[in-house]
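Visitor: Below are the chains, spelled out letter by letter.
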Amino acid sequence: MDKILTLLSNLVNGLQLGSVYAIIALGYTMVYGIAKMLNFAHGDIIMVGAYVVFLLFVGQGFNPLLALVISIAACTVMGILIEKIAYKPLRKAASPLAVLITAIGVSYFLQNSALLIFGSNSKTFSSIINLPSIKLAGGKITITAISLVTIITCIVIMIALTTFINKTKPGQAMLAVAEDKGAATLMGINVNKTISLTFAIGSGLAAVAGALYCSTYPILSPYTGAMPGIKAFVAAVFGGIGSIPGAFIGGLLLGIIEILAKYYISAQLSDAIVFGVLIVVLLVKPTGILGKKIQEKV
Amino acid sequence: MAEKKAVGNKAADNKKAAVKAPAKGGIFSSRNFKGDIITIAVLVIAYFIISNLKLSSLMTGLLVPVCVYIIMAMSLNLTVGILGELSLGHAGFMCVGAFTGVIFSRLIQSAAMPELLKFILSILVATVVGAVFGIIIGIPVLRLNGDYLAIVTLAFGEIIKALLNNLYVGKTADGSIEMNMSGFKNVTDSAGKFVSGPLGLTKIPKYATFEIAVVMVVLVYIICSHFIHSRDGRAVMAIRDNRIAAESVGINITKYKMIAFVLSSAMAGAAGCLYAHNYATLQAVKFDYNKSILILVFVVLGGIGNIKGSIVSAIILTLLPELLRGIGNYRMLIYSILLIVIMLINWSPKSRVVVQRLGAKIKGIFVKEKAAV
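So the protein sequences, as listed, match chains A and B.
Residue numbers 1 to 298, in my numbering, belong to the letters of the first sequence in order.
Residue numbers 1001 to 1373, in my numbering, belong to the letters of the second sequence in order.
Careful, some of the hints might be misleading.
Below, a list of computed lysine-lysine pairs in the DSS-like style, where the Cα atoms sit at most 27 Å apart [to be verified]:
hint	chain 1	residue 1	chain 2	residue 2
1	B	LYS1361	A	LYS123
2	A	LYS92	B	LYS1308
3	B	LYS1363	A	LYS193
4	B	LYS1185	B	LYS1203
5	A	LYS193	A	LYS181
6	A	LYS193	A	LYS84
7	B	LYS1350	A	LYS84
8	A	LYS262	B	LYS1185
9	A	LYS92	B	LYS1255
10	B	LYS1308	A	LYS181
11	B	LYS1363	B	LYS1034
12	A	LYS88	B	LYS1350
13	B	LYS1203	B	LYS1308
14	A	LYS262	B	LYS1034
15	B	LYS1286	A	LYS92
16	A	LYS285	B	LYS1255
17	A	LYS36	A	LYS92
18	A	LYS36	B	LYS1350
If you're looking for bench data, these hints aren't it; they were derived computationally from the structure.
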């Protein structure tokens, strides 16, 4: 019985971590779907978002919700600016690798700016949620308020995003641009605006993920965003990159696998196990769990 | 594919050369040979100039790493430029090479052989092990395409790093080898500990010298440039340009993809061995995904598929952060801004037109002068 209870509480932890990955992976996958680029700076936007919340909430004593809203706004603006300055000129570049390297440059830029502004000492983040945790099964399972909030936020974001893309005009425009930029332009869709909107949404989500991630793992340094960024990228590929439900499922699965591997197998090798599972999945299904198979035309 | 147009002017020239050269394009094709002699001469002259300069200790310490990064950039260019597949785990092969090379050189450390021979043997071992890992990883990876291939190489790089970070290898007092993932049981003497988990490699013999490094750079350069112009290299490039067309003229896709990938990983293994023997201790976490990315930056900045460009960009980008050390904390910030700006100037279609016009003007002046002579 106790074993089942431990498994349950591990699953809850896994779902919580997975929800954070899923939120980040949504940003990755949307940007990939539309701009066909791997935005390596995405992880560092998480870090910037977390720093903004830290400054306002921990430093200035703002209301956590207000701090989060300001952080989302800041990251959204930053995402649009990064796209306009660093990625847009290279959109028609002959090699897709060019924009990848610029994204790496942006990632270095964000990390080093944060290093200069905030210093290399890591800051202790305090949780943005201050509610009592829930005890189940006679106190044997504890679900912290932050894990509940994280999981619920993730589900809400997922539903809102799906509705937005399928039911609204800008959302449909996104789908069209992802499908075929040229045809979308001919149909009167403003491709530049649509891509900006995608980056805005993705970066806003990254800010939310940053606040939630740092509320659980309360150490904030300029390199905080790098590892969750890579993991979320893996999650996006895992679920089939370019697919929104895929990012959601991929994120959740990755979080659960990571926590279970950490608890039951080895804490040091959990990353290796996560990546190993990814390789196996891709070998069995080369385009990810929900990825579409694209027919090759001669 | 659009990718090909992107290759810099130099590469375009190379391609023309490739077309003109005799079909077999072997080691003695004259055009190829001339270009090699010039490049090697430049490298040798550079070596003599550098070894006669009075360098600060900081710069002296950078000589071997610069050579290592040149080799890494050239070998990654085989995968990215010639094979046309994005690899994000190249540091993993370097890590394997470093660890096996050092374990081997520690094992034969007491043997009665000249140091140079011991080092050459360990480099050979590292090269072979790098190639073996290339085969092991290549078999599953090369079935995938595009970004999926990239993510799987990244995953392999991270797995290698995580495994080696938990590996313990040592020699017990009675001479047997102990190797496990949980910690030493029988090895007590610190001199017998070769790899100690997160502490990594310890007491590495310092065999690496600038001379050996330069010789390796020249060797790898010759291998790369001849591979590209060889029959096999052409087959690999044909696969890159159009897989289906290549397949329909009877090129064995898997075989040639494998050749390029394994060659690339073998050279990365050798580079890792050279890199490790330049330090006293080395940890597996040094070979993380940032290192792979760093090498990819060299390749893309130097020109995808352009081996000479890789050499130049590896030198500049390795020295740049050190040259910027004077401005203290701002150096990495400046480095990142420079990286973005260089990429924008180099690759954006608009600025390329401007650059080409400028280039034509400069060329015009040059040609006129020649005509006058």
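Visitor: List in ascending order the numbers of the hints, as given earlier, that are violated by the structure.
Guide: Of the numbered hints, 1, 3, 9, 10, 13, 14 and 15 do not hold.
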